[in-house]
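There are 2 protein chains.
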Amino acid sequence: MVQRTVFFISDQTGVTAETLGHSLLTQFPDLEFRRVTVPFVDNEARAHDLKAKIDAAAEKDEERPIVFSSLVHGPLREIIRTADGLYLDIFDALVGALETELSTKASYAAGRAHGMSDTETYMKRIEATNFALANDDGGMTRDYEQADVILLGVSRSGKTPTCLYLALQYGIFAANFPLTDDEFESGKLPDKLMTNRKKLFGLTITPRRLQQIRRERRSAGKYASAQQVNFELRTAERLFQKFRIPFVDTTEFSIEEIASRILETTGVERRVAP
Amino acid sequence: MVQRTVFFISDQTGVTAETLGHSLLTQFPDLEFRRVTVPFVDNEARAHDLKAKIDAAAEKDEERPIVFSSLVHGPLREIIRTADGLYLDIFDALVGALETELSTKASYAAGRAHGMSDTETYMKRIEATNFALANDDGGMTRDYEQADVILLGVSRSGKTPTCLYLALQYGIFAANFPLTDDEFESGKLPDKLMTNRKKLFGLTITPRRLQQIRRERRSAGKYASAQQVNFELRTAERLFQKFRIPFVDTTEFSIEEIASRILETTGVERRVAP
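Protein chains in written order, with the numbering used here: chain C, 958 to 1231; chain B, 958 to 1231.
It is possible that some hints are incorrect.
Each pair may be met inside one copy or between any two copies, as identical chains are not told apart.
Said to hold, decoys possible - With a straight-line Cα cutoff of 25 Å, these simulated SDA-like cross-link-like pairs (lysine to any residue) come out:
1) 1062 - 1050
2) 1008 - 1143
3) 1081 - 1180
4) 1081 - 1173
5) 1081 - 1093
6) 1062 - 983
7) 1062 - 987
8) 1062 - 1049
9) 1081 - 1091
10) 1179 - 1190
Honestly, the hints are just simulated from the structure, not real lab data.
Just so you know, these numbers come straight off a predicted model, no measurement behind them.
Start from the sequences, fold in the hints, and give me the full structure.
Rendered as structure tokens:
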């Protein structure tokens, strides 16, 4: 089968072109694509280089590439349009409808959707990341008063990456607390958590999957045994139910999905715009 | 001025609708928007709730909202289309051209662009995140052999958030090493870095901005003084030049832009698809 080359191109980071293009390609699950991102196409020399790359891929594949473009600068778009590819402009399709609706002309300035148009936004994301790092894994007294949300779960249920994603993507202050024998044996949660009970959110996972993840980390011993994993997960879920803590099974979810579910369930407000 | 409400809606996380919608709205820099994301619109009850929300916003704003939708399920789309908003379907515009080009019908199955279609992808992102956490801030002997890239820079130049973003977004193994008096005084880099010299990438920043960031952390003392900040940055840049380490000034950049520049400059391959 011919494998098409797909280019995601942008005068900025390429994140928008990648995100939309990737979503569209999932609508063609039986086809395979070779993906190439080319960011910062912001002058004519780079545009000509890119045109040559697209032409070369067309020749090699014997099929013209698909080009998802978020370029806004007219002369650069014209150069790429002459390349041997299907040029899909991700803005053109919708900008006209927006202009009419808003009675305003689009600026056609390079977008900087992922640019630091706002220093405050950058600082908030950094602060939130530092908060997640400082409030990872419960041990010492933590700053739960400042937290927007506190994730609970057994070791390797996905707490840390989720907290970091919430921080980087949404500027949310997310702490996490690992459930261990202390909680399993007492059936209680520490006072510092109980006083912030409304911020608690649980993560769970299937025993099978947790075993798989723990084995990759430390293959031998009790830690990844079926018995231990079953015990921990069963007891953790009982704690969630006892204290009416909302929780989600992360087994089939990506980090984006876990984060979206948390926002949706808790109503926590993001601190930075999407 | 009327503030329009903008809805980003999806049967999945809403990341695609948000990303594209946000990029488009940056083309109208003089207007202000109130942004609402509604993920997981995956059944008729939720679609009717959402329609009611859109109608309520239209009434309150006295202008109909703008709705960026990545819904793929026909009946749900039909419900939202009857709401009092401008319905912009981010797929419709391009799916036809893709179907023709690929001689394949789109599946119109809920996309899961950010779903865990691939367990391996999830594991790689988690592993990369753990690597970034374990290899943060240089102190002990680190696992630089496994690293894809090693970021160098003075304290608070953005190393840690950038490493975490590279891990979560791209599955890249990114370590970081803080430049301190040891390097400034000797004019040398540790052997463990020199043996991985091709992986090194520097971050720098303007003195003014670094002072601002450091002051937020610790307002008094030498750490945030103009003299100290100037000395550190000047010496760090000299080290980058001496050892021919590519570097980027992060002052005007978002985390996405810093990450894209690193990929672009080093040619490091991402380990997971966009």
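Taking the hints in turn, this is what the structure says about them:
no. : hint        : result
1   : 1062 - 1050 : both (15 Å within a copy, 20 Å between copies)
2   : 1008 - 1143 : neither (66 Å within a copy, 46 Å between copies)
3   : 1081 - 1180 : between (37 Å within a copy, 21 Å between copies)
4   : 1081 - 1173 : between (34 Å within a copy, 12 Å between copies)
5   : 1081 - 1093 : both (18 Å within a copy, 20 Å between copies)
6   : 1062 - 983  : between (33 Å within a copy, 12 Å between copies)
7   : 1062 - 987  : between (40 Å within a copy, 10 Å between copies)
8   : 1062 - 1049 : both (13 Å within a copy, 23 Å between copies)
9   : 1081 - 1091 : both (15 Å within a copy, 24 Å between copies)
10  : 1179 - 1190 : within (14 Å within a copy, 49 Å between copies)
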